[in-house]
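Could you build all of it, start to finish, from the sequences and the hints given here?
Residue numbers (full-length UniProt numbering), protein chains in the order written: chain A, 1 to 201; chain B, 1 to 201.
None of these hints come from the bench; they were simulated from the model.
Be aware that a few hints might be false.
Because identical chains cannot be distinguished in the list, a pair is counted as satisfied if it fits within a single copy or across any two copies.
Think about it this way: if two alpha-carbon atoms lie no more than 20 Å apart in a straight line, the pair counts; the simulated SDA-like pairs of lysine to any residue are [said to hold, decoys possible]:
id, residue 1, residue 2
1, Lys-39, Ser-92
2, Lys-37, Thr-192
3, Lys-19, Leu-54
4, Lys-56, Glu-40
5, Lys-56, Asn-104
2 protein chains.
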Amino acid sequence: MSKRIAGPEIERLIQLLAKVPGLGPRSARRAALHLIKKKEQLFAPLSLAMGEALQKVRVCSTCGNVDTVDPCTICSDVRRDPATLIVVEDVSDLWALERAGAMNVRYHVLGGTLNPLDGVGPDDLNIAGLISRVAEGGISEVILAVNATVEGQATAHYITDQLSGLEVKVTRLAHGVPVGGELDYLDEGTLTAAIKSRTTF
Amino acid sequence: MSKRIAGPEIERLIQLLAKVPGLGPRSARRAALHLIKKKEQLFAPLSLAMGEALQKVRVCSTCGNVDTVDPCTICSDVRRDPATLIVVEDVSDLWALERAGAMNVRYHVLGGTLNPLDGVGPDDLNIAGLISRVAEGGISEVILAVNATVEGQATAHYITDQLSGLEVKVTRLAHGVPVGGELDYLDEGTLTAAIKSRTTF
Ligand SMILES: [Zn+2]
Ligand SMILES: [Zn+2]
Chain A
1 MSKRIAGPEI
11 ERLIQLLAKV
21 PGLGPRSARR
31 AALHLIKKKE
41 QLFAPLSLAM
51 GEALQKVRVC
61 STCGNVDTVD
71 PCTICSDVRR
81 DPATLIVVED
91 VSDLWALERA
101 GAMNVRYHVL
111 GGTLNPLDGV
121 GPDDLNIAGL
131 ISRVAEGGIS
141 EVILAVNATV
151 EGQATAHYIT
161 DQLSGLEVKV
171 TRLAHGVPVG
181 GELDYLDEGT
191 LTAAIKSRTT
201 F
Chain B
1 MSKRIAGPEI
11 ERLIQLLAKV
21 PGLGPRSARR
31 AALHLIKKKE
41 QLFAPLSLAM
51 GEALQKVRVC
61 STCGNVDTVD
71 PCTICSDVRR
81 DPATLIVVED
91 VSDLWALERA
101 GAMNVRYHVL
111 GGTLNPLDGV
121 GPDDLNIAGL
131 ISRVAEGGIS
141 EVILAVNATV
151 EGQATAHYIT
161 DQLSGLEVKV
171 TRLAHGVPVG
181 GELDYLDEGT
191 LTAAIKSRTT
201 F
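Put into structure tokens, the structure is as follows:
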């Protein structure tokens with residue numbers, strides 16, 4: 001058992017900060033100390049922002065994006081082309097594509113990829129929601145913007161099969177996404193180029 | 001201006017997380033998404049822990065440590081040897097020495113090092129507090145556990161001068177601390193060895 005250094009509230013803060021991606025036990029201690037030192041400038045505003053975000057955040061029942069409104073800002077944006085849907089694995093991919101500003105359309109977040117070894121099947125992903133959105137009509141193209149991984153490509157194939165009975169063109173991102181790479185780490189130029197030269201799946 | 005991706009409360013959270021040491025803009029987005037996904041397991045407990053730590057944290061008026069009580073847990077621990085004081089630059093160094101468990105004594109946190117170029121003089125550090133603690137009597141040894149940097153060593157010299165009129169032995173950490181290195185990054189074995197073979201300043 002490690003020695004108790006500071007009060008239990010500080011220890012608890014460090015313990016939980018260490019679970020935030022990007023921080024480990026050591027950087028959690030540094031982060032906690034920094035917050036304590038910048039009490040008024042950073043700690044208090046961050047604590048307030050966390051409480052407010054925690055209370056207001058919700059998952060969009062249409063697309064799976066996270067926002068503070070449902071339907072999300074993107075789904076209710078009437079200036080977006082309603083005929084094209086970009087399918088992504090994760091909200092982080094949606095955010096990456098939005099930052100790239102590649103297309104002014106709407107999204108569908110799967111929440112992962114098919115992965116039989118990890119027991120992730122079609123029912124564990126937001127695939128049924130995608131099929132019914134397309135079945136409702138009005139969508140002429142579905143762009144599968146999944147990661148260029150084995151699981152991502154297998155998921156793309158599965159979705160293409162599921163959509164094959166419907167009147168919709170299914171495309172995928174152009175090669176340009178590095179094999180094995182993850183969308184969220186790509187620069188905006190590469191993302192934009194890949195989406196512009198997308199090919200039929 | 002960057003495109004607004006999510007609700008203002010989420011954007012604000014990302015913006016503030018990006019200011020936490022160890023996180024940048026990209027990892028702040030990942031961290032925020034992770035928190036949102038682990039809402040019950042991590043986001044809610046972290047938000048609560050932040051609020052509680054924020055409310056209870058204080059600086060020890062005796063030694064400069066941060067804790068939820070004043071005097072801090074270490075200063076009021078009667079099982080610690082009251083005759084030895086370890087002087088450190090920062091609370092992170094105090095925490096590193098406590099983790100190493102090198103000595104069961106008390107500390108004095110300077111809050112930085114003398115740095116004339118940056119306009120940091122003796123009055124900007126907690127040096128006067130150290131002198132009066134020693135002048136009060138009962139302390140037979142002051143261990144200067146400052147970083148092995150130019151500023152750290154200059155600060156050690158200055159403090160040694162200030163303490164020269166008082167009945168106290170002033171020691172410093174043994175070589176073993178890499179030149180130019182910072183205490184907080186050292187492993188516990190090196191820290192313990194360095195403190196055990198400390199030499200007279
Ligand atoms: Zn939505
Ligand atoms: Zn104290």
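Tested hints:
1. With identical chains, the CA atoms of Lys-39 and Ser-92 are at most 20 Å apart between copies only, with a shortest distance of 16 Å across copies and 30 Å within one.
2. Within a single copy, Lys-37 and Thr-192 get their C-alpha atoms no closer than 41 Å, and across copies no closer than 27 Å, so neither meets the 20 Å cut-off.
3. Proximity of Lys-19 to Leu-54 under the C-alpha cut-off of 20 Å is found in both arrangements, the shortest distances being 17 Å within a copy and 19 Å between copies.
4. In this assembly of identical chains, Lys-56 and Glu-40 lie within 20 Å of each other by CA distance solely across copies; the values are 14 Å between and 23 Å within a copy.
5. Taking the shortest alpha-carbon separations for Lys-56 and Asn-104, neither the intra-copy value of 25 Å nor the inter-copy value of 47 Å comes in at or below 20 Å.
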